[in-house]
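Once you've looked at the hints, dock chains E and S against the given chain W.
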Amino acid sequence: MSSFHWVQIPYALLTLFIVLNYGLIMTAVVQKIAARVGGRHGIPFWQNYIDLVKNFAQRSKITHGVMFYLGPVFRLAGGVGLLLFVPTIYGSTWAQNFSFAGDLVLALYFVFFGTLGMALGAGESGHPHAAIGVSRGLAQVTMAELPLALAVYAIAVQYHTLNITEIVAAQQGGLFHWTLFTNPLATVAAMFAFVGTMMRPPFDVVLAPQEIPIGPPTEYHSAYLALMQTNRAIFPVAKTVIYMNLFFGGASSWGEFAIKVFALYMVSAFIGVVHPRFRVEQSIRFFMKWGVPVGVLAILMV
Amino acid sequence: MVSSILILAIGLGTAFGLGLLNRRRAVLALGLTLGALGLMAAMAVGWLIVLAQGAAPVEIYTAGAEPPFAINLRMGLMEAGAITLITLTGLLAVLALRTALTRMGRGSMAVVLVLIMALSGLVMTRDVFNLFVFLELMAISTGGLALLSKDIRAIAAGFKYLIISQLVTILLLVGIIFTYHATGSLNIDDIPETAMGFSGLGLALFLILIAVVLELKPFPANGWALDVYTAAHPGFSAVFSAASGTAMLVVADKLVKAAGPDWFAMFTLLGLISFIGANIVALRQDNDRRLLGYSSVGQLGLLLAVIGQQDVLGEGYLYVAGGLVLSHAVAKAGLFWMSIMVKARGLSDWAAIRVRPPLVIAFATFLAMLTGLPPFPGFYAKWELAQVLATTDRLPILAAILIGTLIEAVYLFRWFGMAMKRETDTPLGPKQIDCMVVLITLAAAFGLGALWGDLSENGNLFATVPMLAALFFLALEPMPAKLKNGLAIMALVYWFAAHAGVYDPMRLIFLLVMILGGAVILLASFNEDGRRVGFYPPAMLMYAGLALLLEAQSTFEFFAAWEVMTLGSYFLILRGKQSEPHALSYMIFSLGGAFVLLSGFALAADGVTPFPLSALSLVPEQVAPWVFALLAVGFMTKTASVGVHIWLPGAHAEAETDVSPMVSGILLKAGLYGLVVLLLAMGRQSLHGVDLVNVLAWIGAISAFVGAVLAVFQEDAKRLLAYSSISQMGYALFGLALMNHLGWLLAVMFVINHYVYKSMLFLAVGGVYKRTHTKLMYKMGGLITLMPFTFVSVLVGIIAMSGVPPLSGFGGRWIFYNAILETDLRLPLVLIFMSGPVGFLYLFRLIHTIFLGQLKDENHQIKEAPIWLLVPQMIFVAFLIGFAIVPGLVLQRVDRFLGTVFGDQPLIWHGRAVESAFGNWNPVAIMVVIVVIFVTLFGILIAKNHDAVKVKQFNIVFSAERPYRPETTHFAWNFFAPYRRAMGFMEMPLVTRFWGGVSEALSGTAEFTRKLYSGNGQTYAVQVILFVVTVYLIALGGVA
Amino acid sequence: MAQVSLLIGFTLILLGLYGALTNRDILRMIVSFTIADAGVNVVLVSVGYMAHRTAPILDSAVPAGQAAARIIDPVPQVLVLTAIVIGLGVTALMLAYAYRLFRLRGSLDISQFMDLKW
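Protein chains in written order, with UniProt numbering: chain W, 1 to 302; chain E, 1 to 1040; chain S, 1 to 118.
Simulated from the structure, these hints should not be mistaken for laboratory data.
Here a beta-carbon is modelled for each residue, glycine too, at the ideal position from N, C-alpha and C.
Any given hint might turn out to be false.
Calculated lysine to any residue pairs in the SDA-like style (CA-CA distance at most 25 Å, straight line) [claimed, not checked]:
| # | chain 1 | residue 1 | chain 2 | residue 2 |
| --- | --- | --- | --- | --- |
| 1 | E | Lys150 | S | Thr91 |
| 2 | E | Lys944 | W | Pro293 |
| 3 | E | Lys950 | W | Gln58 |
| 4 | E | Lys257 | E | Thr1030 |
Rough simulated footprint, nothing fancy, chain E against chain S, three-plus residues with beta-carbon under 8 Å [as the list claims (entries may be wrong)]:
| # | segment |
| --- | --- |
| 5 | 50-60 |
| 6 | 74-86 |
So that you can see chain W by itself, here it is in the shape it has in the complex (with noise of 0.2 Å):
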């Protein structure tokens, strides 16, 4: 168990700072596989940082009172947060981040961080656009959570530790020695999660751009917006690592990082790309009916 030392602050926004311009141009590029997809010609790549800039920079700004306010805070620190909970690349000094703290469940756990102040501050907004979102967010990842929880459950009997170094070290040496290989169940399991809560089709319909403009950040402009876009870029990012060091081996350097998690992330935009969208209650039935069930075979296999 290591402990904390002053200089671990500047590496963690080292990491910070490498994960945010990742995040922000992966998106980016991502928009535009998408747009290509669908024979659009899409935004440049580097369109998120002109969106930070501007809505940094926007002058007229409102509040709707204090949580409003916070809401954005939590959210980024939601993001941030869970980004320095997990070691970012196996074996690197400086990039372990402040995953000291605590284990596995610290990061399970601190995914809601954000969400919930993010509902909080939508919630005071006052707009019922902001509140739809929110209960079709929570409904929803109520069932896309559980394969992942499950599969969490049979990796760390498998690899008996909730540490995620330890978890990253047992899949060294080789392809075959990932998760993904040596607990297919598992990984299965976890990825319908890991699709169902990247907010990417057909499990969208909780920012719903069509029927609710935008979900919970409706009222959401300026600064705020800016924190959130911000979050935007961390947070999948930040999670995509989470799964990258269950199931598919680390990242032993920041090349591998940056092709697995662009590989992973994809996944869920390929996926999105091809699907309409589910309602809420068709989600939460398609994750009880396939999702959960390979998550309890995974369990019972261990």
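Frame of chain W; chains E and S shown alone:
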């Protein structure tokens, strides 16, 4: 001691003497009657004292000859007790009847005296023919007293009674003469032990015994008696129930003793049928006196059954039978006398007594007494009876008795609920003397409770400090609430301080939560002004029960504490505005659970008294699983595990603002404590190859899931919290059932956390309720700016509860993950995993629909919750944050203790951080990282958006319109509609339907059965004859 | 002889009961009960009867010394006396009831007094 025949002589003499008096000197006649009864009672009491000190029973011979040539009487302990009861009942009855008696004149008084004399004679005589004479005197005087009424219904009832008396006479006389023919003696002691069967003497004895049984009004041959109960003056009904009943029980006892043990089975069977049957029929009764009549019939049936069980009761027989008789007689007489003051006959008309708190206390006392609750004699008797029946493998009898008692509790406490909660148009007609009579009876109830406790070999509840403290608060009732509250808090803190040092860490946690935690919640009660009558005695009774529960070393102490706690909390819950049906269902489930516990303890003890709790581990293998199952079911009733959970939502939601946290945050832990004690002592048990602990784990998991899903669908904030408790208790149960160190640590975490956040949330929601006057969340909204402190406490509460880092709920989750990795119990885990995220749903709904969204127009003016509601909440907030950073302060000690239990030490504590075999948890680091990130980002946002304009309520982009009406914009009702579409099938009220079916079946049976009582005297006579014939045939069949 | 009176006694009892249970008229019921009472008394006496013995009166005809062998058992006879007295009392009381019931309702039909039921 003076000869006890004087008791009869005085009664008879005065009765005749009254005839010599001037017709108009009614008051003098009344005085003489009272004097005579007083004298008779004094003699009886004298005898009782002498005999109780160990003097031998005294035989009184008459006519200068020895039996069988002359009648003899006997005065033993049982006789003295019965006569004391009879004469005192008579004395008080005359006081209660004074108006009627003075109006009707000396003749009526003479009849009363003759009745009491006849009853005393019945008790003492050893001669069957003399018995017949006294019985006829009883019949005639009873008939005479009914005749003096002006009410045609009473006169008709009296006539029906006489018809049956005629039948009894015929049976009795024929029986007597053939007994005489066979034995050549009329003396009871000369009757040889005779088997039931075809023999002449057998038939003769059957006739005598069945005649006596008929006088005990056995169900279903008792329509006539019910009419008497209903129509007669209640002052007299009390005598009819308490005194006549007691006398006939003594007669039944001495006759069956003579006839031999062969007849015991018949008595038991008839008694049990009567007990259960009468109680079921009473379920549909809405006339108070008829209800009491049914209850009397039932209780006499119970006692008949106890008489039939004397072969196994042995030396304890008098203690058991006496305890039950006295409980029945005192309570029933008290209730009949109370009904004099209640002027209308509906059950809800007893609402009139609410203007006189002492009468309410008396009412509650009598009901508790009838149900066999502590600290009254029936409780000790019931315990003893259960022990014996379990030891001698008469479990079906025990089960029948407990079921009957439970059914009786249903209608008695429903009645109490009506009296407390409903309104009546008919005011109370309180006369000082009537009140006095009731209060004397009340005093007798407590006196007998103390006496029976003193005689008990298991310890006296009245000798315990918490119990006395609770009673002391009865005396404090006239004081202002704030003073009482201060005293209550001091008492709790004192008890905590006095015991904190001696308990092991496990018990210490419960002491902390129950007693000190109770004191913290009581801070909220400072909010109440006035005297708050009826709050502190039950509250302190509940805390007394909890304190005693932790003190308990033996199963008896444990059970007694359990019942005390149940009783106190019932009264407490009943205080809520809409809580009548919910308090009742709480009481029924609690009593049902308690009776299951009782059976379990009795089965475990196998006759050993007192049976230490620790000896549960020594229970022999063949019964251990059953004991385990019974106790577990009993405890799970209290933790509201799924299946027996339906009482909880209503009971917790409808309770008062400061009561909800007590019954939710504290009381539920009693069930967990019970389970801890049980599992510590008994460990794993398996029944038919099924590991019962695994069954517990499944129940826990299902409760966790079902409770959470149902919480999601609630519109009522307090109900939401209540369902969430079912879920949380499910988690804790699951943790315990893991049967490993970390599982238990998890349960301890839940004990603490659930107490804190549930108390806090209930207080917060209670504060909101105080301001908005609604518990429906969709009627609230946008309260964040108006009630910021309450908002903070809810916010902290839900973060802690949902398990999101950095607050203390996360610690629970972390321990949970570590605990489950060590178990083979995989499948129930799925449910537990499922219920986690569902928790977010209802928690978010709680905070969103109340505090966020759109503020309603009518709520614009409301203020922050009262300060005293906020004080405990802020204490809890501070505690939650502190506990989140340094959980080790509390957990480390328990962890060490659990190490001694399980013999392992899976957690390694490094200062503030913890390491397990699987992972690590560094609460301080987590807190620091999160706070630093949060503050930094907050700083950035402030730097950018410090000049944001605060906009008005409806300044939102809403399809290019502005709504202006919060009702249409506050998305709150059916908030999780999508989730309901997917998971709505979980709402199917299967369990409710099941229990509803049970209750409907019972009530249907009651409705159907009571049609037996057609009201026609002839029909009743036919029923009696059919009853006798049937019993005879069955008895013969039983012999053959 | 004893058997015959015993039989008569029981017949009276059954007759009386039959009458009491089939007649709706209260007075007839009372009379029926009196018949049954009489039957009981006959049974009592016949059980106590011993053939070829004299009345249990100690006088010159029956010296005290031989009493035990020559008189019948006096106890049942005493019982009968008591029972008759008590029966009278009960009958009187029932008649008083009949009177009161008639005064209050103007009817002596037992099925008219079903105000209380269930």
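Exercise for review: Please flag the earlier hints that this structure goes against, numbers listed from lowest up.
Suggested key: Numbers 2 and 5, in rising order.
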